[in-house]
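There are 2 protein chains.
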Amino acid sequence: MGKYGEDTKLIYELQDQGGELLALRYDLTVPFARYLAMNKITNMKRYHVAKVYRRDNPAMTRGRYREFYQCDFDIAGHFDPMIPDAECLKKVRLGGFLCLSVPQVNDRRILNGVFAVCGVPENKFVPACSTVDKLDKVPWDEVRSEMVGEKGLSPEAADRIGEYVQLHGGLELIERLLQDPKLSQNKLAKEGLGDMKLLFEYLTLFGITGKISFDLSLARGLDYYTGVIFEAVLLQQENEHVEEPVSVGSVAGGGRYDGLVGMFDPKGRKVPCVGVSIGIERIFSILEQRLEASEEKVRTTETQVLVASAQKKLLEERLKLISELWDAGIKAEMLYKKNPKLLNQLQYCEDTGIPLVAIVGEQELKDGVVKLRIVATREEVNVRRESLVEEIRIRTSQC
Amino acid sequence: MGKYGEDTKLIYELQDQGGELLALRYDLTVPFARYLAMNKITNMKRYHVAKVYRRDNPAMTRGRYREFYQCDFDIAGHFDPMIPDAECLKKVRLGGFLCLSVPQVNDRRILNGVFAVCGVPENKFVPACSTVDKLDKVPWDEVRSEMVGEKGLSPEAADRIGEYVQLHGGLELIERLLQDPKLSQNKLAKEGLGDMKLLFEYLTLFGITGKISFDLSLARGLDYYTGVIFEAVLLQQENEHVEEPVSVGSVAGGGRYDGLVGMFDPKGRKVPCVGVSIGIERIFSILEQRLEASEEKVRTTETQVLVASAQKKLLEERLKLISELWDAGIKAEMLYKKNPKLLNQLQYCEDTGIPLVAIVGEQELKDGVVKLRIVATREEVNVRRESLVEEIRIRTSQC
Numbered sequence: 001m002g003k004y005g006e007d008t009k010l011i012y013e014l015q016d017q018g019g020e021l022l023a024l025r026y027d028l029t030v031p032f033a034r035y036l037a038m039n040k041i042t043n044m045k046r047y048h049v050a051k052v053y054r055r056d057n058p059a060m061t062r063g064r065y066r067e068f069y070q071c072d073f074d075i076a077g078h079f080d081p082m083i084p085d086a087e088c089l090k091k092v093r094l095g096g097f098l099c100l101s102v103p104q105v106n107d108r109r110i111l112n113g114v115f116a117v118c119g120v121p122e123n124k125f126v127p128a129c130s131t132v133d134k135l136d137k138v139p140w141d142e143v144r145s146e147m148v149g150e151k152g153l154s155p156e157a158a159d160r161i162g163e164y165v166q167l168h169g170g171l172e173l174i175e176r177l178l179q180d181p182k183l184s185q186n187k188l189a190k191e192g193l194g195d196m197k198l199l200f201e202y203l204t205l206f207g208i209t210g211k212i213s214f215d216l217s218l219a220r221g222l223d224y225y226t227g228v229i230f231e232a233v234l235l236q237q238e239n240e241h242v243e244e245p246v247s248v249g250s251v252a253g254g255g256r257y258d259g260l261v262g263m264f265d266p267k268g269r270k271v272p273c274v275g276v277s278i279g280i281e282r283i284f285s286i287l288e289q290r291l292e293a294s295e296e297k298v299r300t301t302e303t304q305v306l307v308a309s310a311q312k313k314l315l316e317e318r319l320k321l322i323s324e325l326w327d328a329g330i331k332a333e334m335l336y337k338k339n340p341k342l343l344n345q346l347q348y349c350e351d352t353g354i355p356l357v358a359i360v361g362e363q364e365l366k367d368g369v370v371k372l373r374i375v376a377t378r379e380e381v382n383v384r385r386e387s388l389v390e391e392i393r394i395r396t397s398q399c
Numbered sequence: 001m002g003k004y005g006e007d008t009k010l011i012y013e014l015q016d017q018g019g020e021l022l023a024l025r026y027d028l029t030v031p032f033a034r035y036l037a038m039n040k041i042t043n044m045k046r047y048h049v050a051k052v053y054r055r056d057n058p059a060m061t062r063g064r065y066r067e068f069y070q071c072d073f074d075i076a077g078h079f080d081p082m083i084p085d086a087e088c089l090k091k092v093r094l095g096g097f098l099c100l101s102v103p104q105v106n107d108r109r110i111l112n113g114v115f116a117v118c119g120v121p122e123n124k125f126v127p128a129c130s131t132v133d134k135l136d137k138v139p140w141d142e143v144r145s146e147m148v149g150e151k152g153l154s155p156e157a158a159d160r161i162g163e164y165v166q167l168h169g170g171l172e173l174i175e176r177l178l179q180d181p182k183l184s185q186n187k188l189a190k191e192g193l194g195d196m197k198l199l200f201e202y203l204t205l206f207g208i209t210g211k212i213s214f215d216l217s218l219a220r221g222l223d224y225y226t227g228v229i230f231e232a233v234l235l236q237q238e239n240e241h242v243e244e245p246v247s248v249g250s251v252a253g254g255g256r257y258d259g260l261v262g263m264f265d266p267k268g269r270k271v272p273c274v275g276v277s278i279g280i281e282r283i284f285s286i287l288e289q290r291l292e293a294s295e296e297k298v299r300t301t302e303t304q305v306l307v308a309s310a311q312k313k314l315l316e317e318r319l320k321l322i323s324e325l326w327d328a329g330i331k332a333e334m335l336y337k338k339n340p341k342l343l344n345q346l347q348y349c350e351d352t353g354i355p356l357v358a359i360v361g362e363q364e365l366k367d368g369v370v371k372l373r374i375v376a377t378r379e380e381v382n383v384r385r386e387s388l389v390e391e392i393r394i395r396t397s398q399c
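These protein sequence lines are chains R and P, in that order.
When we follow the numbering used here, the leftmost residue of the first sequence carries the number 1, and every step to the right adds one.
When we follow the numbering used here, the leftmost residue of the second sequence carries the number 1, and every step to the right adds one.
Hints were generated in silico from the structure; no laboratory data involved.
None of the values given here were measured: they were computed from a predicted structure.
Certain hints may be false.
Heads up, the list lumps identical chains together, so a pair's fine if it works in one copy or across two of them.
Claimed, not checked - Straight-line alpha carbon distances no greater than 20 Å define the calculated EDC-like cross-link-like pairs of lysine to aspartate or glutamate that follow:
| hint | residue 1 | residue 2 |
| --- | --- | --- |
| 1 | 51 | 281 |
| 2 | 182 | 350 |
| 3 | 331 | 350 |
| 4 | 137 | 163 |
| 5 | 313 | 195 |
| 6 | 40 | 351 |
| 7 | 51 | 72 |
| 8 | 137 | 302 |
Taking the hints into account, I'd like the entire structure generated from these sequences.
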């Protein structure tokens, strides 16, 4: 509680159970910070895939649930500037599933510097920030009226903010803002822009600068960010197979939170952290829609081989063989029938994408061999029993 | 609710949140059954590793928490008898971490048959069952007095039960009970014993009969079991390094639950299921105690290679190289310092168990090579930049 700003209302509270007031975890970042503080850890890199809970309105088709998985990657510790930050952005680009989105990056210090030089009083930085954050969904005019109306900024301040927060670009924009007569006079903004320049230099070395946009409208809702912030939002999908463009919002985001661990430490000792959260269900919902559109068949198992029989009364031989394969670490399956038909066994492999079939037959048993069938090519080879594990390993690496 | 018998009191309830009464999941079995029923799935094999919650007294040192992971493996569908059941027992034996325990197996039908032929009225089967279940912790005398006192069985019935439930053995015991003049007259018991015989035949083919004990005192607490039940309990550890014997109770258990899916289906359609749950934290707590006792060093990362530098001012070169390695799918790390000392980088590998170091140096850069150091042997070889990924893959598979 008290770490999520406005979003605190989305926390699921548990009933008082024997004197303890508990709640369901809202994200993986605050628990990570608490873990570091409670265990006095000053240096850690970890990933964590686990469920989090939001008391929110679900939107199933867009992959927005009340109970969902996050995959977090965080680097905690005192390090030289922007090296771990660049790694987080590289990780967001890895995997390749975010090819539709251009990750945006900004820095809370730059944003606060913008507010300061535009004449916003410091106590209005947070509300101004959450209004700016809406610029990816609504046009500037609406954002401006919310600033002046609801948030009580002066029209002049709002106009000045508008000149900055509609900017986006790369290294050349950073250079230009470093020369900006007003912004360059602000200590916070200067620090933020200096680090942003360093970050873009590192991203160039990582080969991903062209794919990441420095965007001054990016604000991120949560209170705990202190430096670099970033977010990968899905753009509209240009795909002839899908009529409706997919819009699932942010699929990955994060930033630097140097103050959060200190809030949990009795002596306030700080551990600087930077990290990224990826929303797995949202990515799955896109992948699923794409797969449905493409009618591609997805392999639903990791099974390497089906242990099958060519004739009746071979259940015992199948059980013996599958046991040998399991003991050797081969991923093997069999149909749970006493006397399955060979055709049904082969069909099962077609349906599930199992690439190999080890067929036990009476003649083969006499000869000390197993017939290995490659499902894709229908090729069949007799393999000596003692070489079967090795043969399956080689064939699997080829599949 | 209403699926866990006496244990229902251990469920964590959520506060009513907007008109919905929710609870935290107690296990993975009931949700699996509900999932099958709601999605009309009649055939499925899956594993699931996830958290469950018990409003219970935690015992940290024994790996008993209120929030903990279970790893479940279940097979659902109409199949020929005992084939999936045998696979579940084989899976419990796999992995090798349960070498201290001898899995016990029994069948609810045999137990109910025993109660019937001993003169227990049917409405007292469930309480009698939960009393029998205590036989692994307390001697027969105490179990007997609970039966006669609390549960209201006649002393004669209790004595007759005692003759059966203290039996344990293998195939020969099953054969003997199949000839038992009373038990062989009971339909349920006969069915259960017939299936138990089949199960032991399959376990023989799987090569694990000698390692599994048919134990008539095994009852398992939960109401939903309908056939075979099994449990792996840790025996006392005979280890000179550890003074106190480890006792963490049951680490894996399960059984057949043919009625549970039907309870969730509006038309009561049944999907027979058999499955096993493994308590991961309990196994971890044993492994940790053993590791502490043995003072073995554990590798805490999967990192294949550390990207290091031999001189100062090589941060950019390190970033370039690590980016290449990441893009090729190599698990690589670097220290987040501009100018780390080579000795510190090598020490980091010693501490974390990273087996390889790719060292960037001025001369090597000129020559188009990277120095690859094998941490264990301190051997160093110059590898051409374009062959580095392949070389790391080969070396990793050898480590």
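Hints, one by one, checked against the model:
no. : hint       : result
1   : 51 to 281  : both (11 Å within a copy, 18 Å between copies)
2   : 182 to 350 : neither (67 Å within a copy, 50 Å between copies)
3   : 331 to 350 : within (17 Å within a copy, 34 Å between copies)
4   : 137 to 163 : within (18 Å within a copy, 75 Å between copies)
5   : 313 to 195 : between (72 Å within a copy, 18 Å between copies)
6   : 40 to 351  : between (52 Å within a copy, 19 Å between copies)
7   : 51 to 72   : both (11 Å within a copy, 17 Å between copies)
8   : 137 to 302 : neither (41 Å within a copy, 41 Å between copies)
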